[in-house]
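Engineer: Single-letter residue listing:
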Amino acid sequence: MSAVLDPIQSPPVAETSAAVALLSHITKRYANGVLALDDVSIALQRGEIVALLGPNGAGKSTAVKLLMGLSAPTSGTVRIFDADPRHAATRLRTGVMLQVGKAPEMLRVREHINIFRGYYPNPMPYADLVRAAGLEGIESRMFGQLSGGQKQRVLFALALAGDPDLVFLDEPTVGLDIEARRGMWAEIRSLAARGKTVLLTTHYLEEADALVHRIIVINKGRVICEGTPAEVKSLGAATAGANTSRTLKVIRCVTDLPTATLLAIRGVTSAELSVSTTVISSTQPERTLREMLAIDQNLHSLEVASPALEDAFLALTKNA
Amino acid sequence: MSTAAMNVPAARSNSFTRTLDIFLTEARYEFVRLLRTRAFSLAVIGFPVIFYLFFGLIMNRGQHVGSVSIAKYMLGSYAVFGMVGAALFGIGGGLASEFSTGWLELKRASPMPPFAYLVAKCCSAAAFGLVIVSILTLMAITIAHVSITLPEYAQMMALTLVGTIPFACLGMVIALLVPFNATPGVINMVYLPMSFCGGLWMPIMLLPHWLQKFALILPTYHLSQLVLGCFGYATAGTPISHWLGLAGFTLVMVGVAAIAYRRLEQNS
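For the protein sequence lines, the chains are A and B, in the order given.
Mapping of the first sequence onto our numbering: position 145 corresponds to residue 145, and the numbering continues sequentially without gaps.
Mapping of the second sequence onto our numbering: position 86 corresponds to residue 86, and the numbering continues sequentially without gaps.
Extracted from the complex, chain A is given alone in its bound form (with noise of 0.2 Å):
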């Protein structure tokens, strides 16, 4: 996959400037007492991408409205670019992109870009919105007209409108098609690249490993890890039972060896039989196998992978 993807540029070092987006110590207590983020904190800088994983109800989607200041914190404190997320200066220089269920539906495309065009004294091109949504050919359609990919990439235009410095993007990529995903995501990383910086939160796993810098895992309110893509991955792995994660790889293969006697081998760390595959974790993977292809001369279909992020992702937040 990596042969189709540009490689992500690494971001800048962190300049000694303060945080483009700031989370300090933020709880946030609904009404009914619910509590959604409890002492958080996240600082986002300049040119980064940053992807915020969570299960659903993790916080992740409070996390961006008390950003973008739609919502106040019980304690703590929100700056974005140094003031207030509700000052009128503040969101000139911002562009979000959340899960609506439907923009007004009798207007056009181009109708809804252009509106949102006019509330920035400096829009991005009009054509160049366009090009960058992938929109061309339906600016002419009614919103409801048009299909659940394309209204996502109608919302993604809008956010882009004001050729924002910050930009929020809410499960960005839910129901497009692979090639317009691919195309979003060269969006993304083109914005990082002029300097912007991307906050997103995702189901994807796949996305933010490909796409992200930094991935900050929230769950049930608190911050659990963040770090690279690797990083977590790691972290995850580590959760999982390994000491040395750095060398962590996940063999699946056919044998007729038991799940015992393969976790007698050294630097297996897990087995498990699915349907026929046996998958197996370890740490020295070069070992394990040595030792696996001699004791069982049948075994085939065999596949060694680095492990998921998905896995490390679901090893970090059962855990918590």
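None of these hints come from the bench; they were simulated from the model.
Relax, there's no trap hidden among the hints.
Each computed DSS-like pair below joins lysine-lysine, with the alpha-carbon atoms no more than 25 Å apart: (1) K102(A) to K151(A); (2) K102(A) to K107(B); (3) K151(A) to K107(B).
Simulated restraints on C-beta separations: (4) E139(A) to K213(B): 54 to 64 Å; (5) A18(A) to F16(B): 30 to 40 Å; (6) R263(B) to G227(A): 36 to 46 Å.
To be clear about the criterion: a stretch of chain B counts as covered by chain A if any three or more of its residues have a C-beta under 8 Å from a C-beta of chain A, and this derived list gives those stretches: (7) 16–24; (8) 97–103.
Using N, Cα and C, we set each Cβ at its ideal position, and we do this for glycine too.
Take the given structure of chain A and dock chain B to it, following the hints.
Structural biologist: Relative to chain A, chain B alone:
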């Protein structure tokens, strides 16, 4: 980026003209949106037109009660019926749907001045009111040969613009208090009884005495008396009392809307 600079009109550099521009754009597209939403535009224009045609023109063709032309009297009351419908459905319906889908939240997160949103909704409803009252007036003149002077017409137009405000506020309250899928039903349950009891379908003096008393708290009653006053047909109260009645109702609605909005915001 040099093309970007060329696309930006010089006026944009001035923040006042830009704000004005936002208000105008917002209002224009809200009106266009309502016009294209057939379920809204056909019903809101069609009902007063059909009602007036049947009850005001066909059933009372050319009749007079004393010096009062029935067709002209009914023009005043159905004009109010029309503008109230446009305000209630235009603002209540639109706001409720945009609130429930999260669209309003996206607008709030944008640099759009929040007031532009409400003003746009109000202006579009008022514009529909003007269209409805003009159609009814045209029908009265052409079908029933009612004579309407230019000052009378101008006064009706002015009252349509002002009269939209209390009903816009009522629509806002309904949108904030009632779950989205119940909004059209609730609006009808408020709109139709309020029209009957305020004397829009039947002259107020023909209603039972206790209903006439009850009508004092209805904005439909006060607005219709003001509109009928343009023709010299007002039957009860003084213009001052009607203006106070409308102002009082508006203040109560704004208060309720503010409380309801704060409550919703705390839960979001």
